[in-house]
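Asker: Produce the complete structure using the sequences and hints provided.
Number of protein chains: 2
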Amino acid sequence: MFHGKVKAVAFDADDTLWVNEPFFDRAKAEIADMMSCYVPAERFTEFLEHTQSRNINVFGYGVKSFVISMIEAANKVADGRIKASDIARIIELGRDMLNSPVEHIEGVESVLHALGGEYKLLMITKGDVAEQQRKISLSGMSVYFEHIEILAEKDEAAYERILHKHSIRHEEFLMVGNSVKSDVLPVVGIGGSAVHIPFHTTWAHEVVSLDDLCGREYVELSRASELLPLLLSL
Amino acid sequence: MFHGKVKAVAFDADDTLWVNEPFFDRAKAEIADMMSCYVPAERFTEFLEHTQSRNINVFGYGVKSFVISMIEAANKVADGRIKASDIARIIELGRDMLNSPVEHIEGVESVLHALGGEYKLLMITKGDVAEQQRKISLSGMSVYFEHIEILAEKDEAAYERILHKHSIRHEEFLMVGNSVKSDVLPVVGIGGSAVHIPFHTTWAHEVVSLDDLCGREYVELSRASELLPLLLSL
Numbered sequence: 001m002f003h004g005k006v007k008a009v010a011f012d013a014d015d016t017l018w019v020n021e022p023f024f025d026r027a028k029a030e031i032a033d034m035m036s037c038y039v040p041a042e043r044f045t046e047f048l049e050h051t052q053s054r055n056i057n058v059f060g061y062g063v064k065s066f067v068i069s070m071i072e073a074a075n076k077v078a079d080g081r082i083k084a085s086d087i088a089r090i091i092e093l094g095r096d097m098l099n100s101p102v103e104h105i106e107g108v109e110s111v112l113h114a115l116g117g118e119y120k121l122l123m124i125t126k127g128d129v130a131e132q133q134r135k136i137s138l139s140g141m142s143v144y145f146e147h148i149e150i151l152a153e154k155d156e157a158a159y160e161r162i163l164h165k166h167s168i169r170h171e172e173f174l175m176v177g178n179s180v181k182s183d184v185l186p187v188v189g190i191g192g193s194a195v196h197i198p199f200h201t202t203w204a205h206e207v208v209s210l211d212d213l214c215g216r217e218y219v220e221l222s223r224a225s226e227l228l229p230l231l232l233s234l
Numbered sequence: 001m002f003h004g005k006v007k008a009v010a011f012d013a014d015d016t017l018w019v020n021e022p023f024f025d026r027a028k029a030e031i032a033d034m035m036s037c038y039v040p041a042e043r044f045t046e047f048l049e050h051t052q053s054r055n056i057n058v059f060g061y062g063v064k065s066f067v068i069s070m071i072e073a074a075n076k077v078a079d080g081r082i083k084a085s086d087i088a089r090i091i092e093l094g095r096d097m098l099n100s101p102v103e104h105i106e107g108v109e110s111v112l113h114a115l116g117g118e119y120k121l122l123m124i125t126k127g128d129v130a131e132q133q134r135k136i137s138l139s140g141m142s143v144y145f146e147h148i149e150i151l152a153e154k155d156e157a158a159y160e161r162i163l164h165k166h167s168i169r170h171e172e173f174l175m176v177g178n179s180v181k182s183d184v185l186p187v188v189g190i191g192g193s194a195v196h197i198p199f200h201t202t203w204a205h206e207v208v209s210l211d212d213l214c215g216r217e218y219v220e221l222s223r224a225s226e227l228l229p230l231l232l233s234l
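Going down the list, the sequences are from chains Z and X.
If you read the first sequence in my numbering, its first letter stands for residue 1, the second for the next number, and so on.
If you read the second sequence in my numbering, its first letter stands for residue 1, the second for the next number, and so on.
These are computed hints drawn from the structure, not numbers from a lab.
A hint or two may mislead.
Chain copies aren't distinguished; within one or between two, either way the pair holds.
[Said to hold, decoys possible] Think about it this way: if two alpha-carbon atoms lie no more than 27 Å apart in a straight line, the pair counts; the simulated DSSO-like pairs of lysine-lysine are:
(1) 120 to 165
(2) 181 to 120
(3) 135 to 5
(4) 165 to 181
Answerer: Quick look at the structure:
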């Protein structure tokens, strides 16, 4: 159900406000290629995904956890023959990712500017707090948001806490993001509204099955600028 | 100068409220021993300290950064001959550290309990946010604190921001912690009061030279319970 009385619009950050996943994709592709003398690239990528998902519980999200997972996966796959230069390269890739610039997703900033006067705007992201803070700061976008929340997980309980904390009613809340799993399903699940704006690449960990979507209604847009006519039409 | 009108007492967390450094020390000692076929343990420890300090800028504080630094240092020191089992062991140590229980420092909880009615209590710590949140939660100590702040660095600017945010005047503020560098000097530097309670082990990165201490006045206690008579005497 899509509500007509939206007062608060919340935006996911990674791959909604700025480019993120391509940095991980490029690193994965390079390491898969580097390890292709041991296993085919697709098999390494699969094993890395598995390692990453298993490690989230302990090491969390973000680049540091990713670096540890890459080293762990490469070390296992090389079966005792990993090269010192391979390990050094993985750490260097992590360092580069943490020093990379922040690239806005096209058109998003003007949407934030346009919505700012009419709606209470929130940024709701998850991941390593220091890494997110670095990107928030470099993005220059914090000026548009009344509240910025960096969560460990974006599940129903987390969204409930945020709505409660900022006294936002469920039917007044609209979440915008690129992840059906994190930005859409839990929000619709607690009675809020959600807009999905797919990014051209989605991390396997965030992909949901069709079963999960069953009966959940949300709006899918192809770019942020389409939010304005959508909100006007409510 | 030690002020008499203290209204807010802030506590550092790692090695002030709960045991932290010994987990790192034990991991360092084990890895230094593991690498002793390549270099003497003291030389490895020194090289690891250097690697850690250099990496803080990019990878920050905490266990994940420590794991990456240990792998980087071991990889360099082994000079192309690092064993897969060595890398696996370092990652396993990190996992163990992140799953370790939280052990209160003796006597601190009863001090918090006694001070709670009289003073505004704050916890001011630095490090990886997810790791600190895990320890805060496991410690069960959050109930004693009106505000909990997890900072990237504990420098004068950071303390100024906290005092401003919570409307605490400099002369009303007392910081208690085990690190002269992070808990004492920046607080005294902005006109607050500080109590140093040394822990039996201090990370080399936190050690200050005698020059840094020049002219800075603070109180040194040997245990938290001595805070009560000190505050009563003001």
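Asker: Each of the hints needs a verdict: does it hold here or not?
Answerer: Hints, verified against the model:
1. 120 to 165: Answer is both; intra-copy 14 Å and inter-copy 22 Å each pass.
2. 181 to 120: Classified as within; 24 Å inside a copy, 41 Å across copies.
3. 135 to 5: Answer is neither: 31 Å inside a copy and 40 Å across each miss the 27 Å cutoff.
4. 165 to 181: within (23 Å within a copy, 35 Å between copies)
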